[in-house]
Amino acid sequence: MGSIKIRSRQLDDYTEIKLLITHPMENGRNRDPISGALIPAHFIRDLVVELNGKIILTADLGGSMSMNPFFTFRLKRSETGDRLHVRWLDNLELSDSAEYVFE
Amino acid sequence: MLRRRFLQLIFRVTAGACATVLCAKKSLADWPEKHFSKGDFADSFQQLFGDRTIDYSEAIRLVLPEIAENGAVVPITISSDLADIQRLYIWVEKNPTPLAAEVTFDASLAVYLTARIKMAESCHVVVIAQQGEQLLRNQRWVKVMQGGCGTG
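As they're listed, the protein sequences go chains D and R. Those letters in the first sequence? Residues 1 to 103, by the UniProt record's numbering. Those letters in the second sequence? Residues 1 to 152, by the UniProt record's numbering.
Next comes chain D alone, as it looks inside the complex (with noise of 0.2 angstroms):
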């Protein structure tokens, strides 16, 4: 679906990551403006980092979370060739997955 954006820039110390992801993260409580219904929750429950196979981070999140989630974090150190994989799922059992070779 391609909904995943992955960047990394590298810092004296850490490579740091950013990861944005398009997703609406309705947690059901919103009405649609014009009919007055309310929009079904739709959003990330699970989100998955691995760094060359090995999870290096797993996130559980809530309706609390804003409309496409935006996170950073840093990597200790990182490698030209090393792989990041970045996978989500959400309550309607969607799910997308993206890969990034750090350069």
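Rather than coming from a laboratory, the hints here were simulated on the basis of the structure. The beta carbon of each residue, even a glycine, is placed where N, CA and C say it ideally should be. One or more hints might be untrue.
[Said to hold, decoys possible] Calculated cross-link-like contacts (lysine-lysine; reagent style DSSO-like; alpha-carbon spacing at most 30 angstroms):
id	chain 1	residue 1	chain 2	residue 2
1	R	Lys34	D	Lys54
2	R	Lys38	R	Lys94
3	R	Lys143	D	Lys18
4	D	Lys18	D	Lys76
5	D	Lys18	D	Lys54
6	D	Lys18	R	Lys94
[To be verified] Just some of the chain D residues that point at chain R, by a computed CB distance under 8 angstroms:
id	residue
7	Ile4
8	Lys5
9	Ser35
10	Gly53
11	Met65
12	Phe73
Since the structure of chain D is provided, determine the placement of chain R on it from the hints.
Frame of chain D, contents of chain R only:
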């Protein structure tokens, strides 16, 4: 006879592959539903941490705006120099579903995380960091000018 064996083999391989796919899906889907249920902050907090002692610690550094114009998008930065922090919980006290996120990471990552959360109204944003068996707490008061509609 050969055909029967072949069919049996095909069946086993297919069944195995299906099982693997199902398991893979399951491992991504073990979302702790009750942590994220609707309810009062104090009740949800109690349900998750019980009567465990939680020390306040400024070593868990929080950066949040003092005033948030738009409650739908409030940036938060959590960082710490403490070692052995494996998990962070982000709570928004007055949201209908107070727990926003539960993030677990390993030692290849520094204790540093930024995210964006929704806030229904002015309240404390509480972060709990798990360091081994110990729990550390820090919080910030955020004044929200306009609540993120349907927030929480």
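For each hint, the structure was consulted:
{"no.": "1", "hint": "R:Lys34 x D:Lys54", "result": "holds (27 angstroms)"}
{"no.": "2", "hint": "R:Lys38 x R:Lys94", "result": "holds (11 angstroms)"}
{"no.": "3", "hint": "R:Lys143 x D:Lys18", "result": "holds (27 angstroms)"}
{"no.": "4", "hint": "D:Lys18 x D:Lys76", "result": "holds (14 angstroms)"}
{"no.": "5", "hint": "D:Lys18 x D:Lys54", "result": "holds (19 angstroms)"}
{"no.": "6", "hint": "D:Lys18 x R:Lys94", "result": "holds (28 angstroms)"}
{"no.": "7", "hint": "Ile4", "result": "violated (14 angstroms)"}
{"no.": "8", "hint": "Lys5", "result": "violated (15 angstroms)"}
{"no.": "9", "hint": "Ser35", "result": "violated (15 angstroms)"}
{"no.": "10", "hint": "Gly53", "result": "violated (13 angstroms)"}
{"no.": "11", "hint": "Met65", "result": "holds (6 angstroms)"}
{"no.": "12", "hint": "Phe73", "result": "holds (6 angstroms)"}
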